[in-house]
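**Q** Take these sequences, add in the hints, and give me the full structure.
Protein chains: 2
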Amino acid sequence: MANILHRVGIKTTSIEAVYRALTSRNQLAAWWTTDTKGEGDKVGNIVAFRFNTDGFDMKVTKLDAPHHVEWEVVAGPAEWVGTTITFDLKQDGDYVILLFQHLNWREPVEFMHHCSTKWAIFLLSLKKLVETGKGEPFPDDVKIDNWN
Amino acid sequence: MANILHRVGIKTTSIEAVYRALTSRNQLAAWWTTDTKGEGDKVGNIVAFRFNTDGFDMKVTKLDAPHHVEWEVVAGPAEWVGTTITFDLKQDGDYVILLFQHLNWREPVEFMHHCSTKWAIFLLSLKKLVETGKGEPFPDDVKIDNWN
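Protein chains in written order, with the working numbering: chain V, 174 to 321; chain U, 174 to 321.
Derived from the structure by calculation, the hints contain no laboratory data.
Do not rely on the hints blindly, as some may be mistaken.
[Stated by the list, open to error] Result set (DSSO-like, lysine-lysine): computed pairs, CA atoms no more than 27 Å apart in a straight line:
id: 1; chain 1: U; residue 1: 307; chain 2: V; residue 2: 316
id: 2; chain 1: V; residue 1: 316; chain 2: U; residue 2: 184
id: 3; chain 1: U; residue 1: 316; chain 2: V; residue 2: 184
id: 4; chain 1: V; residue 1: 316; chain 2: U; residue 2: 215
id: 5; chain 1: V; residue 1: 235; chain 2: V; residue 2: 215
id: 6; chain 1: U; residue 1: 263; chain 2: U; residue 2: 215
id: 7; chain 1: U; residue 1: 316; chain 2: V; residue 2: 263
id: 8; chain 1: V; residue 1: 301; chain 2: U; residue 2: 307
id: 9; chain 1: U; residue 1: 316; chain 2: V; residue 2: 316
id: 10; chain 1: V; residue 1: 210; chain 2: V; residue 2: 307
**A** See the structure below:
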């Protein structure tokens, strides 16, 4: 099994604001993809993220406000289905530290390399959203390669 | 063992230009850190990268121009020493695709999460350098958290 890990620090004393960015539809749409359907604030809910025709359906499998959010990928590319995504939040001085994990990829395929870099881009978009009020969600996300 | 993976696509038909960005001191200093000493174009060479007082010494362990560069970390933070960094390049249409791996971390510690996100930032700086002639090396790199 292979995992993607990231860490970003968001300059805010409101850990609740970061938790909202991970659980409310409007906020998710403001940093990941504008085409987001469903609310992420209840265990069992499905949130659907689309990037033009492709995308992912996430089942909210664990919530511990305002510290922990966990999703299971229930639909999307074969490489993603069955993987788990976790967000852990903690206050550290002037920053809320976000530890991100996308766990249990079956193989470290080239697509996983792409997704790892792309997660960094989107987590920095989340940071920007909370710090400035404006993120860079798809389709206005930073492009990284020929797969985008 | 845990690994960091990334993929960036650099819009150029010169795979040699990307290879140079990974092997010449001047070019490494133009995307990773301005404080770079040593040339990376010969197996056995040591290249020293510094970020103020901290940094890494890399031994060039494998070169296959213009497709493959491999380093072993011989000095630096305990978590890095003994790990391996590889860069694989291939032309794909208008892009040179760079597959990056930082292999064999002993534990997926919080510092590894940070380094994963930071590698994304620096690989995008490399992309910018080759595409535009100007990267964003330390100390002008994009800051991601309270560890920077």
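**Q** All the hints need checking, so say for each whether the structure fits it.
**A** Structure-based check of all given hints:
1. U:307 x V:316: At roughly 18 Å apart (the allowed maximum being 27 Å), residue 316 of chain V and residue 307 of chain U satisfy the hint.
2. V:316 x U:184: 11 Å, holds
3. U:316 x V:184: 11 Å, holds
4. V:316 x U:215: Given pair residue 316 of chain V, residue 215 of chain U is violated - Cα atoms ~33 Å apart, limit 27 Å.
5. V:235 x V:215: 9 Å, holds
6. U:263 x U:215: 21 Å, holds
7. U:316 x V:263: 19 Å, holds
8. V:301 x U:307: The hint holds at about 24 Å.
9. U:316 x V:316: 19 Å, holds
10. V:210 x V:307: Cα-Cα ~19 Å, so holds.
In terms of the numbered hints stated before, the structure departs from hint 4 and from no other.
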